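Undergrad: Hey, can you work out the whole structure from these sequences and the hints?
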Amino acid sequence: MRQSELKTLALLAIAFATTVFSCKPKNVSTTTSGDAAQKVYVAPGKYDEFYNFVSGGFSGQMAVYGIPSGRLFKVIPVFSVDPEKGYGYSEETKPMLNTSHGFVPWDDLHHIALSETDGVHDGRWAFGNGNNTPRIARIDMKTFKTAEILEIPNSAGNHSSPFITENSEYVIAGTRFAVPMPDSDMDVPINTYKDNFKATVSLISVDKESGKMNIAFQILLPGVDFDLARAGKGKSHGWFFVSCYNTERANTLLEVNSTKNDKDFIMAVNWKKAEEYAKAGKGVKKSVNYAHNTYNDNTHSATSVMEKEVLMLDPKDCPDMIYFMPCPKNPHGCDTDPTGEYIVGSGKLAAVIPVFSFTKMLDAIDKKTFEGSYAGIPVLKYDAVLHGEVKKPGLGPLHTEFDANGNAYTSMFVSSEVVKWRISDLQVLDRVPTYYSVGHLSVPGGPTKKPWGKYLIAYNKITKDRYLPTGPELCQSAQLYDISGDKMKLLLDFPTIGEPHYAEAIPADMVSKNSVKFFKIEENKNPYVTMGEKEAKVERKGNEVHVYLTAIRSHLTPDNIEGVKLGDVVYFHVTNLEQDWDVPHGFAVKGANNAELLVMPGETQTLMWKPEKVGVYPIYCTDFCSALHQEMQGYIRISAPGKNVPLTFSTGTNQPKLEEDKF
Amino acid sequence: MKKYRFYSLALVAALTYACNSPAPENKTEAGSTTQEAPVGGQEAVQDNDSQKDVVKIAIGSADHTTLVAALKQADLVTVLSNAGPFTVFAPTNEAFNKLPKGTVEDLMKPENKAKLQDILEYHVSVGVFKPEMFQDGQTINQANSKNISLSVKDGKIMVNNQANIIASIPAANGIIHVIDAVLVPTDH
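In order, the protein sequence lines correspond to chains G and L.
For what it's worth, the numbering used here labels the leading residue of the first sequence as 1, then goes sequentially.
For what it's worth, the numbering used here labels the leading residue of the second sequence as 664, then goes sequentially.
Just so you know, these hints were derived from the structure itself, not from any lab.
Keep in mind the model is a prediction, meaning the values are calculated, not measured.
Treat the hints with care, since some could be wrong.
Below, a list of computed lysine to aspartate or glutamate pairs in the EDC-like style, where the Cα atoms sit at most 20 Å apart [said to hold, decoys possible]:
| id | chain 1 | residue 1 | chain 2 | residue 2 |
| --- | --- | --- | --- | --- |
| 1 | G | Lys273 | G | Asp317 |
| 2 | G | Lys517 | L | Asp710 |
| 3 | G | Lys282 | G | Asp314 |
| 4 | L | Lys793 | G | Glu631 |
| 5 | G | Lys450 | G | Asp509 |
| 6 | G | Lys260 | G | Glu248 |
| 7 | G | Lys520 | G | Asp297 |
| 8 | G | Lys285 | G | Glu309 |
| 9 | G | Lys525 | G | Glu91 |
| 10 | G | Lys513 | L | Glu795 |
| 11 | G | Lys520 | L | Asp710 |
| 12 | G | Lys235 | G | Asp317 |
| 13 | G | Lys487 | G | Asp425 |
| 14 | G | Lys142 | L | Asp712 |
| 15 | G | Lys590 | G | Asp195 |
| 16 | G | Lys450 | G | Glu169 |
| 17 | G | Lys517 | L | Asp712 |
| 18 | G | Lys272 | G | Asp118 |
| 19 | G | Lys235 | G | Glu275 |
| 20 | L | Lys793 | G | Asp559 |
| 21 | G | Lys279 | G | Asp317 |
| 22 | G | Lys513 | L | Asp712 |
| 23 | G | Lys142 | L | Asp710 |
| 24 | G | Lys520 | L | Asp712 |
| 25 | G | Lys534 | L | Glu795 |
| 26 | L | Lys715 | G | Glu522 |
| 27 | G | Lys517 | L | Glu795 |
| 28 | G | Lys541 | G | Glu612 |
| 29 | G | Lys520 | G | Asp559 |
| 30 | L | Lys715 | G | Asp582 |
| 31 | G | Lys260 | G | Glu371 |
| 32 | L | Lys793 | G | Glu533 |
| 33 | G | Lys142 | G | Glu473 |
| 34 | G | Lys316 | G | Glu371 |
| 35 | L | Lys719 | G | Asp366 |
| 36 | L | Lys793 | G | Glu535 |
| 37 | G | Lys286 | G | Glu275 |
| 38 | L | Lys715 | G | Glu523 |
TA: Right under this line is the structure:
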């Protein structure tokens, strides 16, 4: 490079830097409006207007915040163990994390779908996906606990999920990675991708009453990457739409090799037709192995069942079920508007936002306006299905949410902004910066037929300079905007746990009125429940010692236990006898190689402990329960196997001295 | 305009903190608080499902209207709605009636609030003492830091050789022992 060229480059760099930095807002007052503080201030003792269920990304959990305050209320353990709550550590909860690969204590939770009735939130369940070891979880919004986890076979990188149909008939789960299917040779060269790797989309039925999930059927598809999806609604109810990238079917350096085609696809699936084909016996039963884990609020225990079969539909046997709509470059978001007429693709690498028309799509299917086929599936002509394109919206369109007034809001990852545009004429109406690198957006009710509107929340990956620095890793964040007027107004940003990948928000009273305060002790069907202090006991079964222990303000019963021998395995079955809201008791024993228990009122939870040394070990309540919490303690004595110490237990009285123990 | 807003906020704050009565609704321009959370202490929490706490049980008892009125006058309702746990020795209305004429009326006067608090706290221990735990000659330190003494004879429990325990009622945050005489700290 010649020196003059270098000089020019340097000058350009300086000019660029100056522009960038002078554009950057200097302080809060330049970016938020004067009354922002009032709009997000929820006075002490007042409730927020919305619950915001936010995925924790690589934390594997789901977090619940209040909107507009941004206050964190709860982290619900879903796919990752949580020692704070004993989740994945207590004997009762361990089966929740069982998979065909054994116990998997972590996952990557990306998307949230709240249950719907007639296309509107009904406040019953929140679904979340595990990306890494494909799973779908169902959270009960009455208890804020994970009620069910279903593993998805024939899938890898369960990113395109969970997306829900308008009466929660199905949760849709599409695979990101194509993989060899289990009924063929699984041990194949990676470079035979195009021949041997397939993708699937699963339709998981949801029981109307219990919410229980079941894989109704899977659809076998060519080996593309599925990214995001939405079910149709209103007029497009009965269909769902999935964005696909890597139609190049590359298996290496996708950064380059999956970005060659100008257009990839949005896949349109007529699920009502698929349902008919499944009923008509068009599917083939495939042998698989996947875990189905359910938590029971009466036994306060999870069970894990291995399922062995799944019904697979092949589009070649099921005509008129699937169509591809060409979509500019590596689409990510695939969002249907509240009317169900428009499907918005967001090509991460495209300079436009394509908006497809459901009516035009049906027409094109009817008239067979195809431009060809892809792996035997008809590809519709782009122009025939397009409502129009939003021109020059910004850089890196990712994901779109909607308000109830015909407007759409699209996040721009590369240019760190939210763009508001009108669906009818595709005009950009407003744009606001985010700080920085926004992923998904959430408008309360935004993915439903009835957006509640008022706020928009942007979930940002990068927060350099937004908060006090905390070393190399900074928190990710949520940013709240007021969208009640023509212009979006930044109100607040607040830090989140993990990666806030996607979220849904729901009016508070739809959830709060159903919130469970405690579990009724008389309905406790845990096999190790202790129904009252008089029932407390310690039993030996071979080398297992079962301690039936109760907790109530402010003591444990029993709190003095002797006669346990080295080599025994101790099971503390702790029943919280409280029948009062917000009085959990915790339980821990010194040296236990797992975690504490956190036992809700009326619950029984079990901690397994293998003592490794002779001695006297303290046990105590870990959740500050009462004025005498610090007094809520006891001891368990571990003796050498040869020592003659009988098994005894007590609270409030001392055992007579033993011959063995004369000191 | 800004000034006006500041004053109205200050007024709201003043009203909120001045008393336990419901504060004016905090309506911001965006109407950010549509849901009313309880105001006041824990006694105001809406909860018809949980087991009743010692205060709720007393309020529900026709025999304890004097005690409840006194607890209110002494600002002890919030305290006793706490996680506790508490043992409350709860004199009946009849027990209060046994006091010299005018005693209760006198204690209920605002200027005697501290004295009333002291007497009522003498009826409360922090901790759960079930009847079967009482032993003859036992002393228990009460919330006002004075001791009570217990006698257990032929299954009958007496407090300070003066009050009989005539019933015991478990509560969410402790236990209530109904007694037939008011316990008076020795220095009163």
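Undergrad: Does each hint hold? Answer for all of them.
TA: Taking the hints in turn, this is what the structure says about them:
1. For the given pair, Lys273 of chain G sits about 12 Å from Asp317 of chain G by alpha-carbon distance, which is consistent with the 20 Å threshold.
2. As the CA atoms of Lys517 of chain G and Asp710 of chain L are separated by approximately 8 Å, the hinted pair is consistent with the 20 Å bound.
3. A C-alpha spacing of about 8 Å is found between Lys282 of chain G and Asp314 of chain G, which places the hinted pair at or below 20 Å, so the restraint holds.
4. Restraint check: the Cα-Cα separation between Lys793 of chain L and Glu631 of chain G comes to about 17 Å, which is no more than 20 Å; the hinted pair holds.
5. A distance of roughly 16 Å separates the Cα atoms of Lys450 of chain G and Asp509 of chain G; the hinted pair therefore holds under the 20 Å criterion.
6. Between the alpha carbons of Lys260 of chain G and Glu248 of chain G the distance comes to roughly 7 Å, so the proposed pair stays at or under 20 Å and holds.
7. Between Lys520 of chain G and Asp297 of chain G the CA atoms are separated by roughly 10 Å; this keeps the pair inside 20 Å, and the hint holds.
8. For the suggested pair Lys285 of chain G and Glu309 of chain G, the alpha carbons sit about 6 Å apart, so the restraint of at most 20 Å is met.
9. With a C-alpha separation of about 15 Å, the suggested pair Lys525 of chain G and Glu91 of chain G falls inside the 20 Å cut-off, and the hint holds.
10. Proximity of Lys513 of chain G to Glu795 of chain L is assessed by CA-CA distance (about 40 Å); at most 20 Å being required, the pair is judged violated.
11. Pair hint Lys520 of chain G plus Asp710 of chain L holds up; C-alpha atoms about 15 Å apart against a cutoff of 20 Å.
12. The hinted pair formed by Lys235 of chain G and Asp317 of chain G fails the criterion: a straight-line CA distance of about 26 Å is larger than 20 Å.
13. A C-alpha spacing of about 18 Å is found between Lys487 of chain G and Asp425 of chain G, which places the hinted pair at or below 20 Å, so the restraint holds.
14. Distance hint between Lys142 of chain G and Asp712 of chain L is fulfilled; the C-alpha atoms sit about 14 Å from each other, no more than 20 Å.
15. Between Lys590 of chain G and Asp195 of chain G the alpha-carbon distance is near 56 Å, which puts this suggested pair outside the 20 Å criterion.
16. For a cut-off of 20 Å, the pair hint linking Lys450 of chain G to Glu169 of chain G stands: about 18 Å separates their Cα positions.
17. The straight-line distance between the Cα atoms of Lys517 of chain G and Asp712 of chain L is roughly 7 Å, inside the 20 Å bound, and the hint therefore holds.
18. Restraint check: the Cα-Cα separation between Lys272 of chain G and Asp118 of chain G comes to about 16 Å, which is no more than 20 Å; the hinted pair holds.
19. Between Lys235 of chain G and Glu275 of chain G the alpha-carbon distance is near 18 Å, which keeps this suggested pair within the 20 Å criterion.
20. For the proposed pair Lys793 of chain L and Asp559 of chain G, the alpha carbon gap of about 17 Å is at most 20 Å, so the pair holds.
21. Taking the CA atoms of Lys279 of chain G and Asp317 of chain G, the gap is near 13 Å; set against the 20 Å cutoff, the hint holds.
22. Only pairs whose Cα atoms come within 20 Å are accepted, and Lys513 of chain G paired with Asp712 of chain L is accepted, the gap being roughly 12 Å.
23. The straight-line distance between the Cα atoms of Lys142 of chain G and Asp710 of chain L is roughly 15 Å, inside the 20 Å bound, and the hint therefore holds.
24. A threshold of 20 Å between alpha carbons decides the hint, and for Lys520 of chain G with Asp712 of chain L the separation of about 10 Å falls inside it, so the pair holds.
25. A threshold of 20 Å between alpha carbons decides the hint, and for Lys534 of chain G with Glu795 of chain L the separation of about 13 Å falls inside it, so the pair holds.
26. With a C-alpha separation of about 17 Å, the suggested pair Lys715 of chain L and Glu522 of chain G falls inside the 20 Å cut-off, and the hint holds.
27. Between Lys517 of chain G and Glu795 of chain L the alpha-carbon distance is near 30 Å, which puts this suggested pair outside the 20 Å criterion.
28. With a C-alpha separation of about 19 Å, the suggested pair Lys541 of chain G and Glu612 of chain G falls inside the 20 Å cut-off, and the hint holds.
29. Our distance criterion of 20 Å between C-alpha atoms is broken by Lys520 of chain G and Asp559 of chain G, whose separation comes to about 24 Å.
30. For the hint pairing Lys715 of chain L with Asp582 of chain G, the CA-to-CA distance comes to about 13 Å; that is within 20 Å, so the pair holds.
31. Distance check on the hinted pair: Lys260 of chain G and Glu371 of chain G sit about 19 Å apart at the alpha-carbon level, within 20 Å; holds.
32. Distance hint between Lys793 of chain L and Glu533 of chain G is fulfilled; the C-alpha atoms sit about 12 Å from each other, no more than 20 Å.
33. Only pairs whose Cα atoms come within 20 Å are accepted, and Lys142 of chain G paired with Glu473 of chain G is rejected, the gap being roughly 34 Å.
34. Between Lys316 of chain G and Glu371 of chain G the alpha-carbon distance is near 18 Å, which keeps this suggested pair within the 20 Å criterion.
35. Between the alpha carbons of Lys719 of chain L and Asp366 of chain G the distance comes to roughly 69 Å, so the proposed pair goes past 20 Å and is violated.
36. With a C-alpha separation of about 17 Å, the suggested pairing of Lys793 of chain L with Glu535 of chain G holds against the 20 Å cut-off.
37. Among the hinted pairs, Lys286 of chain G with Glu275 of chain G is consistent with the structure: their alpha-carbon atoms are about 17 Å apart, no more than 20 Å.
38. Of the supplied pair hints, the one linking Lys715 of chain L and Glu523 of chain G holds, its CA atoms being roughly 19 Å apart against a limit of 20 Å.
This entry does not satisfy hints 10, 12, 15, 27, 29, 33 and 35, going by the numbered hints stated previously.
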